[in-house]
Every structure is written in C-alpha cells, then in structure tokens.
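Enquirer: One letter stands for each residue in the lines below.
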Amino acid sequence: MKRLRPEQKLDHVLANLAQDIVDAADPELGQAASGRSLRATLTEIRTIVQAAIARCETLPHALPKHDDPSKDQIDDRE
Amino acid sequence: MQSHNVNRNEEADEATAAIAHAIQALSEGDLLRLKALARLRARSLPGIEWADVLNETIMRALSGTRRWPPGVPIISFLAWSMRSICDEFWRRTRRERRVIVGAEGTRATWPPDQVDEAPDADPERTAAAVQMLAVLDALFAEDEIALKIITGLEDGLSAAEIRVRYGLSETEYDSARKRMRRTLLRHNLRGWER
Chain A
74 MKRLRPEQKL DHVLANLAQD IVDAADPELG QAASGRSLRA TLTEIRTIVQ
124 AAIARCETLP HALPKHDDPS KDQIDDRE
Chain P
19 MQSHNVNRNE EADEATAAIA HAIQALSEGD LLRLKALARL RARSLPGIEW
69 ADVLNETIMR ALSGTRRWPP GVPIISFLAW SMRSICDEFW RRTRRERRVI
119 VGAEGTRATW PPDQVDEAPD ADPERTAAAV QMLAVLDALF AEDEIALKII
169 TGLEDGLSAA EIRVRYGLSE TEYDSARKRM RRTLLRHNLR GWER
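If you read the sequences in order, they're chains A and P.
Numbering (the working numbering) for the first sequence: 74 to 151.
Numbering (the working numbering) for the second sequence: 19 to 212.
To be clear, the hints were calculated from the coordinates, so they are not data collected in a lab.
Glycine included, each C-beta is placed from N, C-alpha and C at the ideal position.
Worth double-checking, as some hints may not be accurate.
[As the list claims (entries may be wrong)] Derived coverage of chain A by chain P (criterion: at least 3 residues anywhere in the stretch with Cβ under 8 Å from a Cβ of chain P; other residues may be distant):
no.	region
1	87-95
2	116-122
3	125-131
Given only the sequences and the hints, what does the whole structure look like? Please build it.
Expert: What follows is the structure, given as structure tokens:
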C-alpha cells in the first residue's frame, strides 16, 4: 500500500467525517447543540451567514467573479 | 459574441441568485451542520476560526467562483467548498512563505509562482496534520473500534475494507460510526477549545 503523508491521511479522515456531519439527522444535531442555548447558537450562525451575504451585495466588485476554475479542478483531484 | 457574453453573465447572475436564495432558506439543521463543518475544518488550520471558514465559504459561493452542480444539496456543495478553502489556505501559506524566504536572500528551491507544483511536502502543513490527527485520536481514545475506523479512514479505505481489515461486523461498524458522529457533533457544536 502506498505510504500516505499525514496531510493526505487527514484529508481522507476529514472528508469522511464531514460527510457524516452532512448526513446527520436533525434531532441528532439539535441534541448535540443543546448544551448551550440552541437559539443563541442559531443566531450566531445566522449572523455570520447574513453578514457574508450582505458583504457580497455591497462589494460585488471586490469578489472574483471569473476566477480560474481549473484551480478548483486541481483541488478536486487532490 | 457580445450577446453570448451577456447570456453568460445573466446565467452567472441567476446561478448566484439561486445560491443566495438557497443559503437564506437553510433550515436550522443545515445551519448547525454548517457550523459543525466549519469548526471541524478550522480545527486543522492554525490561526483560523470557524467563523472565518464559514464567512469565506458563503462569500465564495456567492462570488460564482464555483458552480453549484444541479441536483447537489446546497449543504453538500458548501461542505465541498470548505474542503477547497482549506487546500487554498495551505497553498497561499506556502506561497507567502516561499516569497518571504526568497526576499530574505535565502536561495528558494522552487519559484514562488510554481510552488503549488513543488514535489516536496510542506512541513508546516504536515505538522498541523499530525497535530489534528492526534486531536482526533484523543477524541476517540475511549473507543477502540472508533480508533480502528479512523486508522482505516486515514488509509483511504472504504467501510467494507475497514470491516474486513479489523474483523468488524456491520452492526459493530455502524454503531461505532453513530457514536463517532455524536461525539463529533457535540465537540463541534458545543465547543472545541482551540
């Protein structure tokens, strides 16, 4: 078996665990977040999301509209 | 030609609007998923907070840098973007470090503009990965099967291959994955001290 570097190993693990998070059921998520106020957590996330959206709306010229997609394809192959 | 460009711009605008709409309509469950994903990814990036990862993910999605493939759930698309953002973080860090080394008069072994293709490993990224793998081992230290699964995942094995390698039944494997998911969600949603 090909010897993998730690960063390659971590990439495999994180990709898999991330998929686990994507596939997690809503009740599991709610239960996991319940140690802290769920409302506060959701408000915190919404604030970040809305701020990012607002920034995109006010600064469209600052965003790379036509980035080189080949870089992403390289990422995907990695 | 001009009308072709106008059409492409209109298509891009429509795609961006669709992504913005989908992000604004995310369910509470998906918002929690986003935080857990951003926190998991940020944990392996020195000096980066989960909010930075999430912010960058949304901004990139809306910038049209990446196409949202038809039929792919928005949360999967954003999770995939986060992975690319992490790769980009390390590419940028490496590029900047090479430029600094070059500017300090030390002979750079690889031109800064070609550094992404350099064959040697990035020691800082390697060190961060070793540290993160140790964090994951510590997280599942009490669960022998979970540790075996992590080792199998590190080697890029599928679920079936991991079961064969460690002689796990389907039930043992699935139960361990459930425990791992709960642990992971708890740490990424309640707090995972950096």
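Enquirer: Hint by hint, note whether the structure agrees.
Expert: Hints versus structure:
Beta-carbon proximity to chain P at under 8 Å applies to 9 residues in the region 87-95 of chain A; the threshold of 3 is reached and the given coverage holds. Restraint check on the region 116-122 of chain A versus chain P: 5 residues with Cβ-Cβ distances below 8 Å, three needed, restraint holds. Evaluation of the coverage hint for the region 125-131 of chain A: fulfilled, as 4 residues show C-beta separations to chain P shorter than 8 Å, against a requirement of three.
The structure shown violates none of the earlier numbered hints.
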